[in-house]
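Chains as they are written, first to last, in the numbering used here: chain L, 1052 to 1574; chain B, 7 to 787.
Keep in mind the hints are simulated off the structure, nothing from the lab.
Mixed in with the good hints, there may be bad ones.
The calculated label-pair distances, taken between Cβ atoms and stated as ranges, are [said to hold, decoys possible]:
(1) L/T1263 with B/T473: 57 to 63 Å
(2) B/R423 with L/E1335: 39 to 45 Å
(3) L/Y1425 with B/L136: 31 to 37 Å
(4) L/E1329 with B/D430: 28 to 34 Å
Just so you know, even glycine gets a beta-carbon here, dropped at the ideal spot from N, CA and C.
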Amino acid sequence: MTATKQSGSAAPSDEIRFILDGEVISLRGIDPNTTVLNYLRETLRRTGTKEGCAEGDCGACTVVVGELDGDRVRFRAINSCIQFVPTLDGKQLFTVESLRAPDGSLHPVQEAMVECHGSQCGFCTPGFVMSLFAMYKSEPEPDRARINDILAGNLCRCTGYRPILDAAERMYRLASNGNGGGADRPYAASDAAQPSAAERAMTERLRAIQRTGRLALTGPDLSGGQRTYYAPTTVADLADLVETHPDAHILAGGTDIGLWVTKSHMDLDAIIYLGNVEELKVLEVDDSHIEIGAAVTITDAHELIGEHFPDMGEMYRRFASPPIRNAATIGGNVANGSPIGDSMPGLIALGASLVLRRGAKTRELPLDEFYLAYQKTALEAGEFLERVRLPLAPADRHFRTYKITKRFDQDISAVCGAYSFRLEENRLRDVRICYGGMAAIPQRASQCETALEGKPWNDSTLAAGMEALDRDYAPIEDMRASVEYRRLVTRNLLRKLFLETSGWPGETRVLEHPNRQGQGART
Amino acid sequence: MTKTTINGRVGTPQPHESAHLHVSGEAQYIDDLPEPIGTLHAAIGMSERAHARIRSIDLDPVRSAPGVVDVIAAGDVPGANDIGGPVKDDPIFADGLVQYVGQSVFAVAAISVEHARRAARLAVIEYQDLEPILDIDTALEKQSFVLPTMTMVRGDAKKAIQRSPHRLRDRFRFGGQEQFYLEGHIAFALPKEDGDMLVHSSSQHPSEVQHVVAHALGKTAKDVVVECRRMGGGFGGKETQPALFASIAALLASRTGRAVKVRPDRDTDMVMTGKRHGYRVDYDVGFDEDGQIKGIEFVFASRCGMSADLSGPVNDRTMFHADNAYYFENVAITSHRCKTNTVSNTAFRGFGGPQGMMAIEWVMDEIARFLKADPLDIRTRNFYGIGDRDITPYRMKVEDNRLMDIVPELEKTSDYRNRRREIDEFNASSELLKKGIALTPVKFGISFTATHYNQAGALILIYSDGTLQLNHGGTEMGQGLFTKVAQVVAEELQIDIGRIRCTPSDTARVPNASATAASSGSDLNGMAAQAAARTLKERLAKFAAAEYGVAPEQVEFRDDHVHVGDEKVPFAELTNRAWLGRVSLSATGFYKTPKIHYDRSTLTGRPFYYFAYGAAVSEVVIDVLTGEYKVARVDILHDVGESLNPAIDMGQIEGGFIQGMGWLTTEELWWNAKGELQTHAPSTYKIPVASDMPEVFNVQLLRSGRNNEPTIHRSKAVGEPPLMLAISVFHAIKDAVASVGRQRLSPRLSGPATPEEVLMAIEDLNRRLAAENGRTSQGVA
Ligand SMILES: Cc1cc2nc3c(=O)[nH]c(=O)nc-3n(C[C@H](O)[C@H](O)[C@H](O)COP(=O)(O)OP(=O)(O)OC[C@H]3O[C@@H](n4cnc5c(N)ncnc54)[C@H](O)[C@@H]3O)c2cc1C
Ligand code: FES
Ligand code: FES
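Using the sequences and the accompanying hints, generate a full structural model.
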């Protein structure tokens, strides 16, 4: 591996370029399975970024990337432990070491953490600082609930969090006193309208390292072999690569794939990365559908989907953590096909379909026909997922999805249920119900659907539906839940659905209820 | 401008001495230290079976894997193949017999972490399975124990129970807990000349690591230096457990002559290392109409895992805390230390105390539900008295009872009674969501129960330029010990804390140091450092008096200066003069806790120097359809004596509380039928996150908290006690569940109260209510 520091210039296509502390780092011949965390700690010996789990779940490794979004720059926290170095190409990387001002003074985020006693053992602290830094750079002072959400992926075992939450507020008030370089001011409402001079300068620097052609990198593996990594920039090139390298792993956000390397010690000898294909970042809504390109991150899709389906928004709020959602794609969630993936029950209940592509040919497949068996999908060799199409619901459609976990934030579902139906003169129509965590694939509750379809929405229909659920599924016991709990909660969620959609006046959730406002209407 | 005082006085909210390094990523943990050229990285090969003989081990595939430099197993240990304490039952490498899934069998050193971890997976081990014992019930049935059963008796419990108007008997359980320090275990061994070894170990007990490493190498203590600047959390998990990793690093370093680092990944760490003990508790209690306990029997059985480790003192502490805040005239406590084929359990903040307290708080709650009384009233009626009803089951007199100050005040400030009423009203009208509230007290004994551990040494070096290095036997794991001890020294010498550098815990500076544990860090090391500072202060004063020709009484340390008669001498000037005047500027200090003694065979005496007290009120709301819940509000009043540093103490209280809450709510250890731990990473083992913090979280330090005993500046230990305040969360959840049956029956809820556990308790309650209704309606018919 060779690393050279240089200013941006046209570079050969086997070279990764990213910005770190104002300099362009160009890398060639690096093992594409190298994580950003290991690269920072072992190669650059920037040891401020810590490893707490190597699986994206503790936040000790959090770093921030600045990336171009049109003429704007977005600052996003990511988990460096499961991101591969080549995905940094074209971005600016910030680590905890990047934050002190040139005169050595602490950044307001850091200063606030000191003043609020936000660190005890300090091992989680760099990760918290970086999550807070991303927030500081991208939103005006949020409320506590939002701060909790921002920090959902950062574990601290010492403080109990209160001082860190205090620091998250304090940092906005510490802003520039003008002396020294510790004057990085926080994001202000005015920044939304217009980029600041600093942002414009950063945009320029990032533009200089964008590429038009494909990146094709080779690097050594551990035992003398070679690995390859492709990052095409057009769908056509992507289609071509996937077709000619059917064994290559398609890499989107890497929040599933990263763990194959860090936890299972797998060799990913060929990788094709989607993240540079602008065409796959479409996120559009027309009269009938929301179109979600395969490279759209959950962070980006979250708001739009939530506007149309508040419970999907709430589910995505609790899906993993911000750093994971900043990388993870809905496409990756769907393509990975885990029986406990959270997007699928909702998408299936809502009748979503997939656009699959091979070479120049595309086909559309309903999502509920995509899953064949445990971790086996209808995706063929040489084929990839181009888009997810989510039909907009008619105004009278009820939709709910419930995610059941041990811990509300950043936890994998024991059970995730989703329900969609219309009521015609109090009769259930177009009932679609899907549960995750209950079978080897995300699976519709067909017997329950039948028991409900066309029936009046009342207690006896509910009872029949609950009973049918027992026949629909034969769940397993694991560390997330027993068989009995899975069965029971599956039934009880149907009751919750009934109460929430049949005009029952009481409170139904311990967390804030996103549907509350529009109950009965299009919810 | 003249300074009127100093920075860093005792009692001020001084920031953590490393805060600026934590936030900038500059604080060095062991994995951050520069590595010498040729540093090797080791991985440990683990048992895949819970209980088996090893028929054969083929390590050749490991040896021939790319990048591998050395492989060692049981036969390759030149000294003692053991890291256990007094009981030699904890091998570094399993020798013929494996006793839990994850037990260390061999280790491989390679040129990179990844090479080592991959190579470790290549061993071919043939096992002959033996029947494993995987839970407490089976262990009891088979009489499988790591240590003999202990009993503690006062009065005649059996008779008193029989004579009581009311009697309740039952059994309940609660699980263990993973420490989940954010920095995993790590050891980094650097070979020195003449076979000596320097080991950087993330350890709460460097001197123990020193001894274990020396024994493993076949050497003596003088040949091994163990150092630890800071840990990224310990919580008891780094009391005995680091010795394994340190020994392996040292063994490989000694064989290869190269620096060797052992850093297990999170999963390996969680599978291999000990946790809090899970318990089964049986009780039998007799009480009167007012709920006052007349006689009580407890039988504790804990899951100790495959070896004794610290299970003896941990289980002892359970027995010492089965009274918590309550007076028992007639009591019999039995404690079984069960041997299971699971990882050997160890210290975790509270050290058995939380389990004892959980047990008695459970009983208090049951009595209240039986009598249809407010549990708080039952608790209050059973409190230790002041002047009477003040003898513990182990015969120590409770001399410093603060609960009469704490509980009434908290009851008032938390508005407990009104909220209880409001909650009842809420529950009467809310079908799906139910609220619950509970107030529970804490009385926690301070001192190591092993009396000889209650000693500490310190070393202070003053340089001629007026700066100091401070060292003591305590270790820094985030609890702020170094900061507090530095404050003590700054206060003693009346100098700015900025003059003081806290130096790493180091067996080469203070010998035979105790573990930093039992909440005793600042009590012991603060006193030792104060003694060292006093010695130096006296020397300096004597020298100054002579130098400036005044009486020693006319020398005063004040405002970061030394006032000699009318003259105000800068501290650095005096130290420089003292050096020129050939005054010794280094001193050691020593402290041993007075008054304590206790007889291990009868478990009687005064094991504790004093008690720390606190109480908490928690309120929760649960969803009866899913078992999900939120902790809505928590009020805490806690006694830290005269706080050495209120900001740090607050951090210990809040952090301890949230950690305790994790133990009793979302943190579930789950083993499958083969004895494999399935919750071995944060993806499956869920500690609290920011949003789990109570929405309203009021924490106050008790104002009148001066310690009766002359501890360091009359402060009190604060590391462990607050963890147990979270028992209130568990009981608030139980209270909410009980409201499902309008408080008619007591729920059977085990710990941790995961949403599943809560929902199952509701189901169980509904079934029992239905059965009861069936009975009554039959009776009517
Ligand atoms: C800490 C943590 C928390 C998590 N929490 C949740 C959670 O709460 N709920 C949940 O559902 N999941 C969760 N996950 C899993 C994961 O984040 C999601 O599955 C995520 O959506 C995967 O998307 P990705 O873009 O990262 O996929 P990647 O990891 O890049 O890919 C996943 C799989 O999909 C394939 N793939 C990706 N894109 C395509 C494509 N366009 N065409 C064909 N194949 C493709 C890949 O080849 C791979 O097999 C969590 C993961 C972590 C690490
Ligand atoms: S190391 Fe835990 S999230 Fe990356
Ligand atoms: S300060 Fe120790 S984990 Fe957060």
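Evaluated hints:
1. L/T1263 with B/T473: 57 to 63 Å: Given a distance of about 59 Å, which is inside 57 to 63 Å, the answer is holds.
2. B/R423 with L/E1335: 39 to 45 Å: violated (58 Å)
3. L/Y1425 with B/L136: 31 to 37 Å: This hint holds: roughly 33 Å between Cβ atoms.
4. L/E1329 with B/D430: 28 to 34 Å: For B/D430 against L/E1329, whose Cβ atoms are near 60 Å apart, the range 28 to 34 Å is violated.
In summary, the structure is inconsistent with hints 2, 4 from the numbered list given earlier, while agreeing with the others.
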